[in-house]
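Assemble the complex: chain P is given as a structure, and chain V must be docked to it using the hints.
Protein chains in written order, with our numbering: chain P, 95 to 534; chain V, 12 to 171.
One or more of the hints may lead you astray.
To be verified - Just some of the chain P residues that point at chain V, by a computed CB distance under 8 Å:
1) LYS170
2) GLN171
3) HIS263
4) VAL352
5) VAL418
Bear in mind the hints are in silico, worked out from the structure with no lab data behind them. Predicted model, so just to flag it, every value in this text is computed and none were measured. Note that CB positions come from ideal geometry on N, CA and C, so glycine has one too.
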Amino acid sequence: MADLVSHPDEVKVVSRRFGQGATDIDRYLELDGYKAVEKALAMEPDAIINEVKNSALRGRGGAGFSTGMKWSFVPKQSAKPTYVLCNGDESEPGTCKDRLLFEHDPHAVIEGVVIGGLAVGACSGYIYIRGEYRYLSVIMQKALRDAYAKGFLGKNIFGSGRDFDVYWHGGAGAYEVGEESALMESLEGKRGIPRIRPPFPAVVGLWGGPTVINNAETLANVPHIILGGADWYAKLGTPKNGGTRLFCLSGNIAKPGVYELPMGYNLKKMLYEVGGGIPNGRKLKAVVPGGSSCPCLTADEIDVSMDFDSVMKAGSMLGSGGVVVVDDQQCIVKFALRTMKFYRHESCGWCIPCREGTDWLEKTLIRFHAGGGLKKDIDNMQYLSENMLGRTFCPLGDAAAMPTIAFIKKFRKEFEDHLEGRPCPYEPEGAVERLPVLSH
Amino acid sequence: MKFSAEFEQRFAEMVPHYPTKRSALVPTLLYAQDEVGFLSDEVIAEIAVRLDLTELEVRNVISYYSMLTTQPRGKFNVQVCTNISCMVRGGEQILDHCSKSLGIGHKGTTPDGLFSLEEVECIGACSWAPAAQVNYDFHENLTPDKIDRVLEEYRKSGKQ
Numbered sequence: 095m096a097d098l099v100s101h102p103d104e105v106k107v108v109s110r111r112f113g114q115g116a117t118d119i120d121r122y123l124e125l126d127g128y129k130a131v132e133k134a135l136a137m138e139p140d141a142i143i144n145e146v147k148n149s150a151l152r153g154r155g156g157a158g159f160s161t162g163m164k165w166s167f168v169p170k171q172s173a174k175p176t177y178v179l180c181n182g183d184e185s186e187p188g189t190c191k192d193r194l195l196f197e198h199d200p201h202a203v204i205e206g207v208v209i210g211g212l213a214v215g216a217c218s219g220y221i222y223i224r225g226e227y228r229y230l231s232v233i234m235q236k237a238l239r240d241a242y243a244k245g246f247l248g249k250n251i252f253g254s255g256r257d258f259d260v261y262w263h264g265g266a267g268a269y270e271v272g273e274e275s276a277l278m279e280s281l282e283g284k285r286g287i288p289r290i291r292p293p294f295p296a297v298v299g300l301w302g303g304p305t306v307i308n309n310a311e312t313l314a315n316v317p318h319i320i321l322g323g324a325d326w327y328a329k330l331g332t333p334k335n336g337g338t339r340l341f342c343l344s345g346n347i348a349k350p351g352v353y354e355l356p357m358g359y360n361l362k363k364m365l366y367e368v369g370g371g372i373p374n375g376r377k378l379k380a381v382v383p384g385g386s387s388c389p390c391l392t393a394d395e396i397d398v399s400m401d402f403d404s405v406m407k408a409g410s411m412l413g414s415g416g417v418v419v420v421d422d423q424q425c426i427v428k429f430a431l432r433t434m435k436f437y438r439h440e441s442c443g444w445c446i447p448c449r450e451g452t453d454w455l456e457k458t459l460i461r462f463h464a465g466g467g468l469k470k471d472i473d474n475m476q477y478l479s480e481n482m483l484g485r486t487f488c489p490l491g492d493a494a495a496m497p498t499i500a501f502i503k504k505f506r507k508e509f510e511d512h513l514e515g516r517p518c519p520y521e522p523e524g525a526v527e528r529l530p531v532l533s534h
Numbered sequence: 012m013k014f015s016a017e018f019e020q021r022f023a024e025m026v027p028h029y030p031t032k033r034s035a036l037v038p039t040l041l042y043a044q045d046e047v048g049f050l051s052d053e054v055i056a057e058i059a060v061r062l063d064l065t066e067l068e069v070r071n072v073i074s075y076y077s078m079l080t081t082q083p084r085g086k087f088n089v090q091v092c093t094n095i096s097c098m099v100r101g102g103e104q105i106l107d108h109c110s111k112s113l114g115i116g117h118k119g120t121t122p123d124g125l126f127s128l129e130e131v132e133c134i135g136a137c138s139w140a141p142a143a144q145v146n147y148d149f150h151e152n153l154t155p156d157k158i159d160r161v162l163e164e165y166r167k168s169g170k171q
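Chain P with its partners taken away, still in its complex shape (with noise of 0.2 Å):
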């Protein structure tokens, strides 16, 4: 069970129940539990894609799409079953916040299917959650089973006289398949591989059905928001930024958690009120502010306010929440290396740029570490790094490309201070010894 933290700035929207025992259904219940979904049934579908629209929900796995507008392409008429797709695959580097969420407050999860549901037309909605996440599984398929125990799932539901299923569903260690539409394909049974695009999932989704996939973060904000309006929901974030962000804090930060902020709050706030700074009389080097894929800002460039569009606009991403704090006695090459190593473990090889691109700039940046690095390799990285983008099927070549074109241009003297043999000056005895130097 993972600890939990807590700071006075924190609005407590999805977190609310955390450590309240909202895993047992009648706790839940006491705790506003289940009432959303009754409102949910009571409202015209399009009142409810209104509600989310407005409240200006936006995707919390990454894209920060809005959800009320994802859910307004589904076809209001199929031919083939519609469903509802909650992705909890989580498995950015940074990111630990889906899985508070399937640990206190599971419930609200199917809560934000089953209202999901209710908006597109759909009757069956599945959870994925990472293979990894065996307990939460556990604790998942409890709570699904006491709300058709219920009578909130199954035939029927609240005796509207609507069906409505939500099962469980789960992966074997795949980073790619938090990719919606690798996500499909492994819920399928296949290995998950990316589709390509259009159809959209919300015309052509899961078995050829209009399929909306939401991760679980903003699923669960979906019930708060039917409860407590769209417009306290927009107010509590910024303009087009609605609601709050869980965000974790991880890496070289004095007081690491996952805290629950407004959109839009201060990233230098967060970084040294909340987080409470960077310890043992370090200083800050960079943040990666939600998540690898996301280039990362440098000391001065973190007074930023943390919504999607302010984050943006400072050229990084507000991605999926996972802010990596790296003090000053990092190696960035180690720390591009890391982030590169784990894109190559990645990539499902599908496509030609990710699955070379990967491969290449990952052993490239050993030898660099190692300290065979020549100067040509610098421009040579960012040039190979610079054309995957956009040339992939999915973004996992651009997760791969993005953070490390910002770490060259952002401490290009890092990487010259590796070059010709020098030792990394962050591991004077070990880099260069350790690994082989190529010549080419």
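Just chain V now, kept in the frame of chain P:
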């Protein structure tokens, strides 16, 4: 090929959740692996028959997912994360420490079959780094001393 009653119950419950049988494949493989220890030829053949797939189709899926294995491994699979959030808080030292104390490297298994070791990608414990999973159990905020104690507990429980 015989699975436990618990497996059979799960399998029987799961299959009707989907419009196609093969959709149950990934979670079924993981549950089977949990029982048998790895996905043996026999397990693969059995699951293929149950889900109307060829063995090749099943193997094709197995090779994609990092948690699925066709090789036996230790009773306790120690999976140390060294991804960025863990790395900057000493994840590599935890991995090196485990490697030394167990006498095995990445994907190695101790001769007594008790432990195997794996360097893994992000396990979703970033705010409680450095972290490791032993089978499915999370162990977080690790130090070399703490992981020693953790491994000792498993060693004791495994020898009973």
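Evaluated hints:
1. LYS170: Result: violated, 21 Å to nearest chain V Cβ.
2. GLN171: violated, 19 Å
3. HIS263: holds, 6 Å
4. VAL352: holds, 6 Å
5. VAL418: holds, 5 Å
Violated hints, listed in ascending order, are 1, 2; each of the other numbered hints is respected by the structure.
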